[in-house]
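Under my numbering, the first residue of the sequence shown is numbered 12, with each subsequent residue one higher.
Worth flagging that the hints you see were computed from the coordinates, not collected in a lab.
The reader is advised that the hints may include incorrect statements.
[As the list claims (entries may be wrong)] PhoX-like, lysine-lysine: derived pairs with alpha carbons at most 20 Å apart:
#, residue 1, residue 2
1, Lys-44, Lys-57
2, Lys-57, Lys-73
3, Lys-61, Lys-42
4, Lys-39, Lys-61
5, Lys-57, Lys-24
6, Lys-44, Lys-15
7, Lys-131, Lys-119
8, Lys-73, Lys-44
9, Lys-15, Lys-42
10, Lys-15, Lys-61
11, Lys-15, Lys-39
12, Lys-73, Lys-42
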Amino acid sequence: MIIKLNVRHNYLKHRFIEIRFDSELPIKDVKTKIYTMTGTPQRSQKLILKRGEGDLVVLTDKLTLRDYNAQDGMELDVYDQNQYSVVRDIGSKELPPVPQVSDEQYFKCKNNVVYQIQQKMQDPEYQQLILSQQQQRELATQQELQNDVHLNQIVFVNNQEALVKFIGTVHFGAGLFYGVEVPFGSGCTNGTEGGVIYFSCPENSGMFLKFGDFQIQKEDEKEDEDEL
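With these hints in hand, go ahead and build the complete structure from the sequences.
The following block contains the structure:
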């Protein structure tokens with residue numbers, strides 16, 4: 012199914028309106044399309060889907076847009092995590108302001124997201140789809156628990172040291188997430204999301220990552236091992 016998302020980039024003033032995506036498209040392929048739009052390489056992208064007020068979810072390469080229940084009109088925020096990015100020199104360092112509406116105004120709108128979900132939940136096929144997605148999340152969690160990463164371990168994000176402070180499931184995504192503390196200003200959270208404290212660190216010094224979004228070794232150490 013084709014859906015239309017509004018895409019924003021943390022360094023670009025231009026906002027991409029109603030960009031068409033296939034809901035079955037893996038997130039890694041979504042990043043490829045965004046690369047052609049913004050110039051930010053896939054490995055430097057952090058994608059956050061805004062599904063509603065206070066409902067933000069970090070997207071991982073292993074799942075699809077449908078797994079996150081992405082719908083027409085939702086916001087997809089693109090964060091370029093490369094501190095040497097050329098994109099930051101040609102754009103704005105701040106996201107443009109987002110228009111706000113009250114809950115009362117929102118629920119007066121016809122076909123708001125809550126109403127659509129309530130209608131869908133009456134469909135047995137949709138209920139089966141939700142159950143299947145839940146099973147996929149549980150399977151992803153079980154598989155990722157086998158990954159050899161532990162608390163207080165040093166890993167590397169964009170070749171910078173990061174301290175693992177949280178390993179577990181979260182309310183905003185499927186599977187296992189790793190909460191890490193990175194050098195100040197390199198992150199986008201303090202470890203609290205949606206009012207839930209997953210770990211603690213200074214503001215803009217934390218990140219939620221999936222296995223594969225960070226490295227166990229520095230890139231130069233990997234190259235040395237490959238040469239051997």
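Consistency of the hints with the structure:
no. : hint              : verdict
1   : Lys-44 - Lys-57   : 14 Å, holds
2   : Lys-57 - Lys-73   : 14 Å, holds
3   : Lys-61 - Lys-42   : 16 Å, holds
4   : Lys-39 - Lys-61   : 18 Å, holds
5   : Lys-57 - Lys-24   : 18 Å, holds
6   : Lys-44 - Lys-15   : 14 Å, holds
7   : Lys-131 - Lys-119 : 19 Å, holds
8   : Lys-73 - Lys-44   : 16 Å, holds
9   : Lys-15 - Lys-42   : 15 Å, holds
10  : Lys-15 - Lys-61   : 13 Å, holds
11  : Lys-15 - Lys-39   : 18 Å, holds
12  : Lys-73 - Lys-42   : 12 Å, holds
Violated hints are absent here; each numbered hint is respected by the structure.
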